[in-house]
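Based on the hints, put chain E in the right spot on chain L.
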Amino acid sequence: MPTKADQIVDKVRESRVWRSVFRSGTGNSTLHRALAIQQNIFLHLFATKVRKRMVRFSATWYLGTLTFGTFLILVITGILLMLYYHPSVPQAYADMKDLQFVVSSGLFLRNLHRWSAQLMVFLVFAHMFKVFYRGAYRTPREFNWVIGIVLLLITLLLSYTGYLLPWDQLAFWAITVGSNLSSAVPLVGSKIHFLLLGGNQVNANALLRFYVLHCVVLPLAAILFIAIHFWRIRKDGGLYVQQSEPKAQAVPETALTAKEVK
Amino acid sequence: MPDEALKVTQALPKEIDRRAFFTKIGLGSLGIAAAGTIVFSYEYLSPNVLYEPSAIVNAGKPESFALNSVTMDVNSGIYLVRADEGYFALNAVCTHLGCLTAWNQDLGIIACPCHGSKFTRTGEKIEGPAPKPLPWLKTWVSDEGDLMVDRSTDIPPLQYLRI
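Heads up: the protein sequence lines correspond to chains L and E, in order. Our numbering applies: residue 1 is where the first sequence begins, and numbers increase by one. Our numbering applies: residue 263 is where the second sequence begins, and numbers increase by one.
Looking at chain L on its own, in the form it has when it is part of the complex (with noise of 0.2 Å):
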């Protein structure tokens, strides 16, 4: 007998405007279950079954899931941040200490901006550790390993481009220092250099170009390559699990024995 709510749940989900959005019907058949994950844009990604151990906490320990948990928070705070912060050299530091003490929740969301900062790049090391002694990066993940370190780097890029923002002398030396270690490359060390500060030192320009970088440039980056990585994961068979592998890697006892009889 179906309570009252439930029936409020299921007139909503057969009305017209619901079906507009939802095409995929109400009704718990293994068909329509499949239909609601693959007709939906974001679910699409994820393959529409999976196995009850692959989504266990003990298979993945869900360091990916809790990296892409970090990278929103970021996302929704940083765009907050955004609406007191000038990347400008007069005002930006002016901005990140009215941030702190005088705008509402400023200090909530500044400090939440920097700790999932923190969390996010340990979360993308815990990820790549477990990811590298699971053995998950082997056939047919390789390719998802390197879309791994792609998104890896983004992170680290993400970290340094937003180091500068606060336009404390921390910030200043340790760019200046980050940025001359781009010198070092052969050739062409000089011009990446000018071209990353946009001038010879770091300055107005070089917090605008930061500013672009960490704001627009790498987040666009990294949600293409976020997308691309939780697609392959459906592509290259599903999330990897210890005991679903073939056992074709381990040596076969027939052969060793073969050997000892010789």
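No lab work stands behind these hints, which were simulated from the structure alone. The C-beta atom is built at its ideal place from N, Cα and C for all residues, glycine as well. Please note: incorrect hints may appear among the correct ones.
[Claimed, not checked] Pair ranges (Cβ atoms, derived):
| no. | chain 1 | residue 1 | chain 2 | residue 2 | range |
| --- | --- | --- | --- | --- | --- |
| 1 | L | Gly-189 | E | Ala-297 | 18 to 28 Å |
| 2 | E | Phe-302 | L | Val-185 | 36 to 46 Å |
| 3 | E | Ser-331 | L | Leu-83 | 44 to 54 Å |
| 4 | E | Leu-312 | L | Gly-189 | 13 to 23 Å |
Chain E in isolation, oriented as in the chain L frame:
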């Protein structure tokens, strides 16, 4: 006869048909456009005008520096040294990764706060990761009698300016 006809076609220079010709033209123009885009992007991203401080610094009257003193100009990142042999200017930017070094009066050395490089008063490296000594900068006395330094021009070390 058919054999001869075959020989004639083989001897002809390699012909390209209309489709291959247009494909080549199309790919060629796309290549030129791509190269142009790269050049355009590079040009756009390199600023032509920089609002950075001038490389030439007016350090004031030479007499204002005491004998055997090391004076740092934090804004321009240079040391002005008046030694027994004469005046000279050192670039205060560490040759390792570009931090601003500092003069330590008590120890009589120049030290970098970032990665621990140490230099003598004449710019020679004592220890640390710095790959090169601190460069000597071109100095001269202006017509008004001011000590001038060109931060963009290095000179060989130990060329003192005698006044």
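Numbers of the earlier hints that this structure fails to satisfy, in rising order: Per hint list: single violation, 2.
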